[in-house]
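> The listed protein sequences correspond, in order, to chains R and V. All letters in the first sequence, in the order written, are residues 105 to 477 by our numbering. All letters in the second sequence, in the order written, are residues 105 to 477 by our numbering.
Simulated from the structure, these hints should not be mistaken for laboratory data. Note that this is a predicted model, so its numbers are computed, not measured. Honestly, I wouldn't trust all of these hints.
Given that identical chains are not distinguished, each listed pair holds provided it fits within a single copy or across any two copies.
Said to hold, decoys possible - Below, computed lysine-lysine pairings styled on DSS-like, alpha-carbon distance capped at 30 Å: (1) Lys461 - Lys192; (2) Lys231 - Lys210; (3) Lys433 - Lys473; (4) Lys210 - Lys237.
2 protein chains.
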Amino acid sequence: MTTPSPFIPPERTLMGPGPSDVSPRVLNAMARPTLGHLDPLFIELMDETKSLLQYAFKTSNALTMPVSAPGSAGMEACLANLIEPGEKVVVCVNGVFGSRMVENVKRMGAEPVIVEDPWGQQTSLQKVEDALKAHSDIVALAFVHAETSTGVRNDAQALCKLARQYQCLSIVDAVTSLGGIELAVDEWEIDAVYSGSQKCLSCVPGLSPVTFSERAVAKIQSRTTPVQSWFLDMNLIVGYWGKGGRRAYHHTAPVNSIYALYESLRMLKEEGLEACWQRHENGHQQLAEGLQALGLELAVAPEYRLPQLNVVKIPDGVDDTEVRRQLLKHSNLEIGAGLGEFAGKVWRIGLMGYACKPRNIDHCLAALKRALS
Amino acid sequence: MTTPSPFIPPERTLMGPGPSDVSPRVLNAMARPTLGHLDPLFIELMDETKSLLQYAFKTSNALTMPVSAPGSAGMEACLANLIEPGEKVVVCVNGVFGSRMVENVKRMGAEPVIVEDPWGQQTSLQKVEDALKAHSDIVALAFVHAETSTGVRNDAQALCKLARQYQCLSIVDAVTSLGGIELAVDEWEIDAVYSGSQKCLSCVPGLSPVTFSERAVAKIQSRTTPVQSWFLDMNLIVGYWGKGGRRAYHHTAPVNSIYALYESLRMLKEEGLEACWQRHENGHQQLAEGLQALGLELAVAPEYRLPQLNVVKIPDGVDDTEVRRQLLKHSNLEIGAGLGEFAGKVWRIGLMGYACKPRNIDHCLAALKRALS
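Model the full structure from these sequences, guided by the hints.
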């Protein structure tokens with residue numbers, strides 16, 4: 105075996121379901137010299153990163169930090185810390201990521217009570233309330249805020265209200281929502297949230313910001329069984345990420361990825377969270393009008409459509425793979441394929457974070473027009 | 105809250121227990137434009153990265169890849185995939201990381217049979233054999249090759265031979281050994297190994313290269329219970345990282361960190377694995393002579409001392425914290441504190457990967473001399 109060549113990737117425009125385009129500012133920040141994970145200067149950066157994440161989540165939760173792994177690990181971190189074996193959890197399923205939550209709940213020896221709705225539609229509040237009424241021993245309600253597989257926004261505020269009403273914790277997948285649409289952790293009284301770095305925050309993939317309410321922390325601290333994963337046990341991680349005093353080594357933090365996250369959060373703060381949501385909405389309007397002009401139809405009703413993830417029906421007779429191949433080859437443009445039930449039936453056009461700008465939308469529409477003509 | 109300033113870290117020399125200094129080549133590679141995790145060009149890079157990892161591990165194992173999280177998650181990936189609840193595992197403990205393995209084994213509902221040796225000494229082959237003899241139902245032998253908390257090299261080759269002899273799988277922590285000292289996965293018939301990106305590979309922290317033998321894969325495929333972690337389930341991950349055909353989405357790979365790992369592995373291949381081991385040995389000799397000249401003593405016997413992690417006894421009357429603070433402040437030099445039983449008693453001087461070079465060793469010795477005078 106000879107040494108292979110350096111890897112010089114082309115400059116794609118990433119308009120799929122994530123990762124989204126990463127700003128050169130973030131890439132540059134990430135390439136700065138590595139510090140030790142217990143270096144006092146790195147500890148300061150951790151504190152600043154926590155503050156910025158609190159801003160992004162609209163929370164004052166003390167336990168707010170990035171899990172050192174992708175969103176799927178953030179999902180496990182939230183579920184495995186809050187739920188003990190044998191406990192019952194209502195899980196709302198209307199796409200791939202709801203199903204993934206079910207799979208996680210089962211693997212930790214807990215019992216999912218599944219509330220299912222069709223792909224492309226919202227989770228039914230009535231069904232959720234019926235499930236909460238039917239079982240008196242539900243400890244948590246878990247759902248996906250922005251379902252990346254379908255482009256549907258579930259009504260997080262109303263769902264969390266139901267959770268409070270029925271005295272159970274709420275666990276919210278905000279992987280694709282954080283930074284893209286309104287999410288108000290404290291106001292909506294959410295108990296645990298996990299997100300991803302590579303969606304509307306436009307950071308590199310590999311981190312999962314999480315936040316836990318005081319109720320959630322109380323539950324974690326009063327568990328009678330250990331969290332199944334040592335790596336994801338918040339009781340231990342808090343010794344490293346927690347406020348004040350001496351930081352205890354738990355695992356080696358992905359130092360350079362945290363430089364990147366910090367820079368992407370700085371960009372969010374500079375723009376302002378509400379302005380960022382509005383930019384996603386504006387981008388969506390531009391894209392939706394352009395798609396309509398091309399005769400393409402969105403799969404999700406306007407009332408609960410995600411601006412940052414546009415699910416487009418593939419017209420009859422059009423070759424899904426060939427169109428995406430052409431976009432990639434001729435325009436260096438990535439859009440997403442359908443997942444699960446939607447495979448072969450839809451494209452997923454992401455307008456996330458740094459990628460959500462008129463230039464990219466113009467380019468995407470023009471490239472789609474070429475590929476379809 | 106105002107937007108905080110950009111984070112511009114100083115250029116430290118990292119000679120602690122890891123992360124080690126990262127080459128500018130690796131940092132530059134990491135800052136290249138992000139590709140989608142299913143982009144055909146990224147899939148090619150994944151294949152090349154696998155080949156380079158096979159080279160580094162000295163294995164032809166098909167299931168060789170980086171876990172998308174730090175070494176602690178690699179530990180869980182190996183243990184949780186190979187061991188089912190209720191099964192018995194011999195775990196060798198002579199430092200922090202052996203204890204962490206025990207903790208992991210317990211949390212997955214399996215039963216650790218602990219073989220304990222004093223900190224700073226090797227795992228006793230006799231004790232391990234006694235444990236394997238005493239229990240007829242041991243499914244695996246798990247141990248740490250290079251114990252980062254003590255600077256001890258355990259005899260991986262002999263331990264794996266015992267595992268084969270007693271028909272159980274071997275699970276090896278090679279976090280600090282990979283690239284620094286001899287490790288021959290196929291020749292030693294190791295069944296599962298996990299490592300870390302941030303030690304002798306001198307890549308950024310956040311990835312855990314792993315490799316599984318065919319025997320290990322057979323065990324994973326014939327499990328009667330699901331792996332507790334969906335995120336770390338190799339049965340699923342292999343659909344994304346496996347050879348050939350269509351790659352199925354599992355989780356979003358940390359794309360840019362894999363650029364970095366690829367570049368660090370290219371550097372290893374250019375130098376040559378054996379030459380890299382020799383460089384660590386040479387660096388250790390230089391450091392050991394210099395420490396002796398300063399009147400400092402190494403805590404581990406020469407026969408099983410790790411060249412890449414030198415554990416130095418703190419002389420009586422010397423203020424541990426103050427010396428490390430001075431090194432950091434006046435020389436931008438990080439060395440490691442003692443962990444666990446060794447806290448306050450030793451320093452840990454890492455000579456790992458890119459950091460292991462005469463210039464750094466000269467600097468470290470001179471800075472220590474100043475700090476101690």
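> Does each hint hold? Answer for all of them.
Comparing the hints with the structure gives:
1. In this homomeric assembly, Lys461 and Lys192 never come within 30 Å of each other (Cα to Cα): the closest approach is 43 Å inside a single copy and 56 Å across copies.
2. In the homo-oligomer, the alpha carbons of Lys231 and Lys210 lie at most 30 Å apart inside one protomer (21 Å), although the nearest pairing across protomers, at 39 Å, exceeds that limit.
3. For the identical chains of this complex, Lys433 and Lys473 are intra-copy neighbours only, at 15 Å inside a copy versus 59 Å across copies, given an alpha-carbon limit of 30 Å.
4. For a Cα distance limit of 30 Å, the shortest separation of Lys210 from Lys237 inside one copy, 22 Å, qualifies, whereas the shortest one across copies, 36 Å, does not.
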